[in-house]
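According to my numbering, the stretch in the sequence shown is residues 1 to 104, in order.
Source of the hints: derived by calculation from the structure; they are not laboratory data. Ideal placement from N, C-alpha and C gives every residue a C-beta, glycine not left out. Hints may contain errors.
Using C-beta positions, here's what the derived DEER-type ranges look like [unchecked claim]:
id, residue 1, residue 2, range
1, 89, 20, 37 to 43 Å
2, 77, 24, 28 to 34 Å
3, 50, 4, 46 to 52 Å
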Amino acid sequence: MGETQRLQSYKNKILQCLIAIFIWKAISGNNHYVVREEALKGFFVENIAMDLGIDSKNLSEYGLWIATRTGMVQYFALNYNNGYLHPSERIDREKNVDGQRTVF
1 MGETQRLQSY KNKILQCLIA IFIWKAISGN NHYVVREEAL KGFFVENIAM DLGIDSKNLS
61 EYGLWIATRT GMVQYFALNY NNGYLHPSER IDREKNVDGQ RTVF
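Construct the complete structure from the given sequences, taking the supplied hints into account.
Have a look at this one:
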């Protein structure tokens with residue numbers, strides 16, 4: 001009987017790990033948005049607050065911010081009053097791809 005209980009215990013632990021991984025992936029996703037190169041500064045891209053399921057009136061309380069690499073241009077801005085994501089700079093594809101032929 002001890003062997004059967006130990007096997008069942010291992011199965012339960014494996015199942016718990018798989019469920020934890022599944023839940024982690026479900027709640028820690030990435031959102032991707034498509035923005036045309038010709039989009040004007042201030043053009044509405046998406047309502048980030050609605051995508052995240054949070055109240056846009058309290059957006060600043062969540063500590064949400066847009067991360068960019070040091071020395072890079074921050075192409076997007078977030079309006080903390082309404083949750084709208086919009087371009088803060090014109091996106092120049094030719095300048096950003098450094099002569100690469102294929103752009104994804």
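Against the structure, the hints come out as follows:
1. 89 x 20: 37 to 43 Å: holds, 40 Å
2. 77 x 24: 28 to 34 Å: holds, 30 Å
3. 50 x 4: 46 to 52 Å: The hinted range 46 to 52 Å holds for residue 50 and residue 4, with Cβ atoms some 50 Å apart.
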